[in-house]
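Asks: Numbering (the working numbering), first residue to last: 174 to 261.
These aren't lab readings, by the way, just hints derived from the structure by calculation. Treat the hints loosely; a few may be bogus.
[Said to hold, decoys possible] Simulated crosslink set (SDA-like; lysine to any residue; CA at most 20 Å straight-line):
1. Lys224 to Glu260
2. Lys229 to Asp252
3. Lys225 to Gln249
4. Lys229 to Ala246
5. Lys224 to Trp256
[What the hints assert, rightly or not] Simulated DEER-style distance windows between Cβ atoms:
6. Asp194 to Arg241: 30 to 40 Å
7. Asp238 to Leu210: 34 to 44 Å
8. Asp194 to Gln249: 11 to 21 Å
9. Thr237 to His209: 32 to 42 Å
10. Gly245 to Thr195: 31 to 41 Å
11. Gln251 to Phe222: 15 to 25 Å
12. Arg233 to Gly258: 30 to 40 Å
13. Arg241 to Gly211: 33 to 43 Å
14. Thr240 to Asp194: 40 to 50 Å
15. Arg241 to Thr195: 32 to 42 Å
16. Thr237 to Phe207: 36 to 46 Å
17. Arg214 to Asp238: 15 to 25 Å
18. Gly258 to Asp236: 17 to 27 Å
Just so you know, even glycine gets a beta-carbon here, dropped at the ideal spot from N, CA and C.
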Amino acid sequence: MFKIIIKNINTCTLIRTYKSDTVRVRFAPSPTGFLHLGGLRTALYNYLFAKKYNGKFLLRIEDTDQTRLVPGAIQQIQDDLDWAGIES
174 MFKIIIKNIN
184 TCTLIRTYKS
194 DTVRVRFAPS
204 PTGFLHLGGL
214 RTALYNYLFA
224 KKYNGKFLLR
234 IEDTDQTRLV
244 PGAIQQIQDD
254 LDWAGIES
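Start from the sequences, fold in the hints, and give me the full structure.
Replies: This is the structure in C-alpha coordinates:
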(Lines of atoms letter the chains of each structure in order from A and count residues from 1; the text may use other names and numbers.)
(Lines give C-alpha, C1' and ligand atoms only; values in the text may rest on other atoms or scores of the structure.)
Protein backbone atom coordinates (compact mmCIF):
# COMPACT_ATOMS: atom_id res chain seq x y z
CA MET A 1 0.00 0.00 0.00
CA PHE A 2 1.36 3.40 -0.99
CA LYS A 3 0.94 6.47 1.15
CA ILE A 4 1.68 9.91 -0.13
CA ILE A 5 1.97 12.52 2.59
CA ILE A 6 1.82 16.19 1.73
CA LYS A 7 2.40 18.46 4.70
CA ASN A 8 1.35 22.00 5.44
CA ILE A 9 -1.36 22.58 2.88
CA ASN A 10 -3.35 25.33 4.55
CA THR A 11 -2.00 24.18 7.94
CA CYS A 12 -3.26 20.61 7.64
CA THR A 13 -1.73 17.32 6.62
CA LEU A 14 -3.13 15.43 3.68
CA ILE A 15 -2.57 11.69 3.54
CA ARG A 16 -3.68 9.81 0.46
CA THR A 17 -3.63 6.03 0.52
CA TYR A 18 -3.68 3.83 -2.55
CA LYS A 19 -4.75 0.20 -2.41
CA SER A 20 -2.23 -0.98 -4.97
CA ASP A 21 1.39 -1.87 -4.34
CA THR A 22 2.25 -1.14 -7.97
CA VAL A 23 3.39 2.26 -9.16
CA ARG A 24 1.82 3.34 -12.46
CA VAL A 25 2.85 6.54 -14.15
CA ARG A 26 1.86 7.87 -17.52
CA PHE A 27 3.09 10.28 -20.10
CA ALA A 28 0.35 11.71 -22.30
CA PRO A 29 1.72 13.88 -25.09
CA SER A 30 -0.54 15.39 -27.71
CA PRO A 31 0.38 14.46 -31.30
CA THR A 32 0.09 18.08 -32.41
CA GLY A 33 3.79 18.28 -33.21
CA PHE A 34 7.07 16.69 -32.41
CA LEU A 35 8.31 15.85 -28.91
CA HIS A 36 10.22 18.76 -27.36
CA LEU A 37 12.90 18.66 -24.69
CA GLY A 38 10.51 19.47 -21.81
CA GLY A 39 8.23 16.60 -22.78
CA LEU A 40 11.17 14.23 -23.05
CA ARG A 41 12.35 15.31 -19.59
CA THR A 42 8.91 14.66 -18.11
CA ALA A 43 8.76 11.24 -19.74
CA LEU A 44 12.24 10.43 -18.44
CA TYR A 45 11.38 11.46 -14.86
CA ASN A 46 8.21 9.35 -14.94
CA TYR A 47 10.03 6.38 -16.47
CA LEU A 48 12.83 6.48 -13.89
CA PHE A 49 10.36 6.83 -11.02
CA ALA A 50 8.42 3.79 -12.23
CA LYS A 51 11.61 1.82 -12.76
CA LYS A 52 12.91 2.65 -9.26
CA TYR A 53 9.73 1.30 -7.66
CA ASN A 54 9.28 -1.66 -10.06
CA GLY A 55 6.24 0.01 -11.56
CA LYS A 56 4.83 0.59 -15.00
CA PHE A 57 5.36 3.48 -17.40
CA LEU A 58 2.39 4.02 -19.69
CA LEU A 59 2.40 6.02 -22.91
CA ARG A 60 -1.04 7.46 -23.54
CA ILE A 61 -1.41 9.53 -26.67
CA GLU A 62 -3.78 12.41 -25.98
CA ASP A 63 -5.54 12.64 -29.33
CA THR A 64 -8.60 14.69 -28.38
CA ASP A 65 -7.56 17.71 -30.48
CA GLN A 66 -8.12 16.24 -33.94
CA THR A 67 -8.01 19.62 -35.67
CA ARG A 68 -4.32 20.10 -34.74
CA LEU A 69 -3.24 16.49 -35.32
CA VAL A 70 0.08 16.27 -37.20
CA PRO A 71 0.42 13.23 -39.49
CA GLY A 72 3.30 11.02 -38.35
CA ALA A 73 3.62 12.68 -34.93
CA ILE A 74 2.50 9.59 -32.99
CA GLN A 75 5.14 7.39 -34.62
CA GLN A 76 7.78 10.09 -34.16
CA ILE A 77 6.97 10.42 -30.44
CA GLN A 78 7.32 6.66 -30.03
CA ASP A 79 10.59 6.68 -31.99
CA ASP A 80 11.96 9.55 -29.86
CA LEU A 81 11.11 7.73 -26.62
CA ASP A 82 12.75 4.57 -27.97
CA TRP A 83 15.84 6.59 -28.91
CA ALA A 84 16.03 7.90 -25.33
CA GLY A 85 15.79 4.36 -23.94
CA ILE A 86 12.32 4.87 -22.50
CA GLU A 87 10.39 1.64 -22.87
CA SER A 88 6.62 1.95 -22.91
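Asks: Next step is simple, just say for each hint if it's right about the structure.
Replies: To see whether the hints hold, each was checked on the structure:
no.	hint	in the structure
1	Lys224 to Glu260	holds (10 Å)
2	Lys229 to Asp252	holds (19 Å)
3	Lys225 to Gln249	violated (26 Å)
4	Lys229 to Ala246	violated (23 Å)
5	Lys224 to Trp256	holds (17 Å)
6	Asp194 to Arg241: 30 to 40 Å	holds (39 Å)
7	Asp238 to Leu210: 34 to 44 Å	violated (21 Å)
8	Asp194 to Gln249: 11 to 21 Å	violated (35 Å)
9	Thr237 to His209: 32 to 42 Å	violated (19 Å)
10	Gly245 to Thr195: 31 to 41 Å	holds (33 Å)
11	Gln251 to Phe222: 15 to 25 Å	holds (20 Å)
12	Arg233 to Gly258: 30 to 40 Å	violated (19 Å)
13	Arg241 to Gly211: 33 to 43 Å	violated (18 Å)
14	Thr240 to Asp194: 40 to 50 Å	holds (41 Å)
15	Arg241 to Thr195: 32 to 42 Å	holds (34 Å)
16	Thr237 to Phe207: 36 to 46 Å	violated (18 Å)
17	Arg214 to Asp238: 15 to 25 Å	holds (22 Å)
18	Gly258 to Asp236: 17 to 27 Å	holds (25 Å)
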